[in-house]
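Given the coordinates of chain A, work out where chain B should sit on it, guided by the hints.
Number of protein chains: 2
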Amino acid sequence: MTFSSKLIEKAVEAFASLPGIGRKTALRLVLHLLKQDKTVTEQFASALLAMRDGIQDCRICHNLADEAVCQICADARRDRSLVCVVENIRDLMAIEDTGQYRGLYHVLGGIISPIEGIGPADLNIDSLFERIKQDEIKEVIMAISPTIEGETTVYYLSKKLQPSGVAVSAIARGVSFGGDLEYADELTLGRSIVARVPYTR
Amino acid sequence: MTFSSKLIEKAVEAFASLPGIGRKTALRLVLHLLKQDKTVTEQFASALLAMRDGIQDCRICHNLADEAVCQICADARRDRSLVCVVENIRDLMAIEDTGQYRGLYHVLGGIISPIEGIGPADLNIDSLFERIKQDEIKEVIMAISPTIEGETTVYYLSKKLQPSGVAVSAIARGVSFGGDLEYADELTLGRSIVARVPYTR
Numbered sequence: 000m001t002f003s004s005k006l007i008e009k010a011v012e013a014f015a016s017l018p019g020i021g022r023k024t025a026l027r028l029v030l031h032l033l034k035q036d037k038t039v040t041e042q043f044a045s046a047l048l049a050m051r052d053g054i055q056d057c058r059i060c061h062n063l064a065d066e067a068v069c070q071i072c073a074d075a076r077r078d079r080s081l082v083c084v085v086e087n088i089r090d091l092m093a094i095e096d097t098g099q100y101r102g103l104y105h106v107l108g109g110i111i112s113p114i115e116g117i118g119p120a121d122l123n124i125d126s127l128f129e130r131i132k133q134d135e136i137k138e139v140i141m142a143i144s145p146t147i148e149g150e151t152t153v154y155y156l157s158k159k160l161q162p163s164g165v166a167v168s169a170i171a172r173g174v175s176f177g178g179d180l181e182y183a184d185e186l187t188l189g190r191s192i193v194a195r196v197p198y199t200r
Numbered sequence: 000m001t002f003s004s005k006l007i008e009k010a011v012e013a014f015a016s017l018p019g020i021g022r023k024t025a026l027r028l029v030l031h032l033l034k035q036d037k038t039v040t041e042q043f044a045s046a047l048l049a050m051r052d053g054i055q056d057c058r059i060c061h062n063l064a065d066e067a068v069c070q071i072c073a074d075a076r077r078d079r080s081l082v083c084v085v086e087n088i089r090d091l092m093a094i095e096d097t098g099q100y101r102g103l104y105h106v107l108g109g110i111i112s113p114i115e116g117i118g119p120a121d122l123n124i125d126s127l128f129e130r131i132k133q134d135e136i137k138e139v140i141m142a143i144s145p146t147i148e149g150e151t152t153v154y155y156l157s158k159k160l161q162p163s164g165v166a167v168s169a170i171a172r173g174v175s176f177g178g179d180l181e182y183a184d185e186l187t188l189g190r191s192i193v194a195r196v197p198y199t200r
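If you read the protein sequences in the order shown, they are chains A and B.
According to numbering that gives the first Met the number 0, the stretch in the first sequence is residues 0 to 200, in order.
According to numbering that gives the first Met the number 0, the stretch in the second sequence is residues 0 to 200, in order.
Bound conformation, chain A alone (with noise of 0.2 Å):
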């Protein structure tokens, strides 16, 4: 791709450094800021530029936060017995928005992997144990992806927890709502059988 423009092939360069953004659309990125009122890019640089520079980790769950403690831990209607452990924010609002749980949240900043190279002692597990040790919580929900890292990190922590007398509980695993059996892949169709409930209406 050709520029006879710095400034653009700059501000190109910029969008196509981004995850999933390509030259030729990070191009209609910045023809489209052009189109637009200046201002508009103004409005778009500040909000990015508060956001880098504002943002905090809450000193609590480690969740994203506009001031020292984040908006689900200050929210008093919150029920401060339950602490959901998750391995990132994603899935932290992944949960929030099933608006099924008002517990609390623990976020780990990712998951126990040897091969990458990342250990218990690289993730916020001593803050989660301080939490257990001082507040008032009474179950642990491990909500971690059923992956083999995800597997032995539960597992690593359920181990930890034990000696707390706190219960640990793991999010349900089985076949989708709305899924077809046909499909379902065989560990989880096959564990679903194994693992099955009570049929109630």
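There's no promise every hint is true.
Which copy is meant is left open, because identical chains are indistinguishable; a pair holds if it fits in one copy or across any two.
[Unchecked claim] Here are the computed lysine-lysine pairs in the BS3-like style, where the Cα-Cα straight-line distance is at most 30 Å:
| no. | residue 1 | residue 2 |
| --- | --- | --- |
| 1 | Lys158 | Lys137 |
| 2 | Lys132 | Lys159 |
| 3 | Lys9 | Lys37 |
| 4 | Lys159 | Lys9 |
| 5 | Lys159 | Lys137 |
| 6 | Lys37 | Lys158 |
| 7 | Lys158 | Lys132 |
| 8 | Lys9 | Lys34 |
| 9 | Lys34 | Lys159 |
| 10 | Lys34 | Lys23 |
| 11 | Lys137 | Lys9 |
These aren't lab readings, by the way, just hints derived from the structure by calculation.
Nothing here was measured: the structure is a model prediction, and the numbers come from that model.
Just chain B, lined up with the frame of chain A:
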């Protein structure tokens, strides 16, 4: 999508206001910027602001320019007797990328479209005729997409150019190189038979 941070929400909305970027992609981009050093976001924002602030309309051809005259118009090695008329900057860049053209350009900034209420007065047409009057232009090449509006624009321009005595040409049309005849559309294939050219080796 529920955000527990206003700063994140605003940054996601900023990205999602761009064409072709949904809220999920926007969130991915924001989280990417958060993982990077602060300077990455600062450089990103300043590239966009510098571009939006500094970019000019080339006063000769209406290409995007860093100065009053774009790099192409300022390039002494280019053939100043040839002007290629294009609809927009993207088409200009596509032709530049072929490396086959060494003349100048004229960017119309659109095409005549009665449905969308775009008439000749809304396009950079007067400045094209000014150039033909003043400069040593011998040939005007119409490189406009072969749509109904495109054909209308080419017809209008060629009619208006007739009295000036300048040669008017249009880019060649036919079956694509490497294209399969079987899959060429009927109109293109039909016209490429009618407009057949002498075979040369």
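When the structure is checked against the list of hints, which entries are broken? Sort them ascending. 4, 6, 11
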